[in-house]
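> Listed below, chain by chain, are the residues.
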Amino acid sequence: QTVVTQEPSFSVSPGGTVTLTCGLSSGSVSTSYYPSWYRQTPGQAPRTLIYNTNTRSSGVPDRFSGSILGNKAALTITGAQADDESDYYCVLYIGNYIWVFGGGTKLTVL
Amino acid sequence: QVQLVESGGGVVQPGGSLRLSCAASGFIFSNYAMHWVRQAPGKGLEWVAFIRFDGTGKNYAASVKGRFTISRDKSKNTLYVQMNSLRPEDTAVYYCAKGGERGTYFFDSWGQGTLVTVSS
Chain A
43 QTVVTQEPSF SVSPGGTVTL TCGLSSGSVS TSYYPSWYRQ TPGQAPRTLI YNTNTRSSGV
103 PDRFSGSILG NKAALTITGA QADDESDYYC VLYIGNYIWV FGGGTKLTVL
Chain B
880 QVQLVESGGG VVQPGGSLRL SCAASGFIFS NYAMHWVRQA PGKGLEWVAF IRFDGTGKNY
940 AASVKGRFTI SRDKSKNTLY VQMNSLRPED TAVYYCAKGG ERGTYFFDSW GQGTLVTVSS
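Quick mapping for you: the protein sequence lines, in order, are chains A and B. With the first sequence counted from 1, adding 42 to any position gets you the numbering used here. With the second sequence counted from 1, adding 879 to any position gets you the numbering used here.
No lab work stands behind these hints: they were computed from the structure. All residues carry an ideal CB built from backbone N, CA and C; glycine is no exception. Check before you lean on any hint, since a few could be wrong.
[What the hints assert, rightly or not] Chain A residues, not near chain B, derived (Cβ > 10 angstroms throughout): (1) P88; (2) P103; (3) G121.
[Stated by the list, open to error] Derived Cβ-Cβ restraints for the label pairs, each shown as a range: (4) T47/A <-> K953/B: 35 to 45 angstroms; (5) K944/B <-> S68/A: 14 to 24 angstroms; (6) S950/B <-> T44/A: 23 to 33 angstroms.
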């Protein structure tokens, strides 16, 4: 069974930079997993941020960027703002029309 | 503008069935893959099911395989999921999500979700 790992929580200061990661319990994440990233605030539907590792979804500011760092996918937020405080989820496509979500990272801006 | 509106949620007893619908508008429905994603109360997101743009390919998460069936009706621009043999652990908000352009593998747009509660 494929397990996608994310930091349970992270904090960043306003104006700061934070990098959230998305890994595999066994193996390395590569662009072949088509990593994508979503954010969600309580009671709201998810919003798409990044797909295909590093392509920003329509309307997403360039403060958000995706990459592969070492053996993980990464989401970097620069110039963090108060309303970036959300849950962030990564998803990996593992083939055969199967997707796996990470457990999510709760980002606090303080 | 893409719009996805889920309906059909409610309270159902364990072992019961429910069919959710997702009405799509603002895009050419028959050109895009579609998904169901769920979120149990206080938990993270879980991918549930996928259907190809033309309905010829489908797959399911292991947790629902054999119990849930995804389908689509291009004449009604509507996505469905038939949920049978429901269990308390199926309690969740169910979101439908539009796939990206062909050759991409992500969830492009989301509905607002519909709540399913499985309880006696």
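> Each of the hints needs a verdict: does it hold here or not?
Checked hints:
A beta-carbon of chain B comes within 10 angstroms of the beta-carbon of P88/A; the shortest separation is about 5 angstroms. For P103/A, the condition that its CB be more than 10 angstroms from all CB atoms of chain B holds, with the nearest at approximately 18 angstroms. Here G121/A stays apart from chain B, with its beta-carbon at least about 25 angstroms from theirs, past the 10 angstroms limit. Distance hint check for T47/A and K953/B: the Cβ-Cβ separation is about 38 angstroms, which falls inside the suggested range of 35 to 45 angstroms.
A hinted range of 14 to 24 angstroms holds for the C-beta pair K944/B and S68/A, which are about 22 angstroms apart. Judged by the Cβ atoms, the range 23 to 33 angstroms given for S950/B and T44/A holds: they are separated by roughly 26 angstroms.
Checked against the numbered hints above, the structure violates only hint 1.
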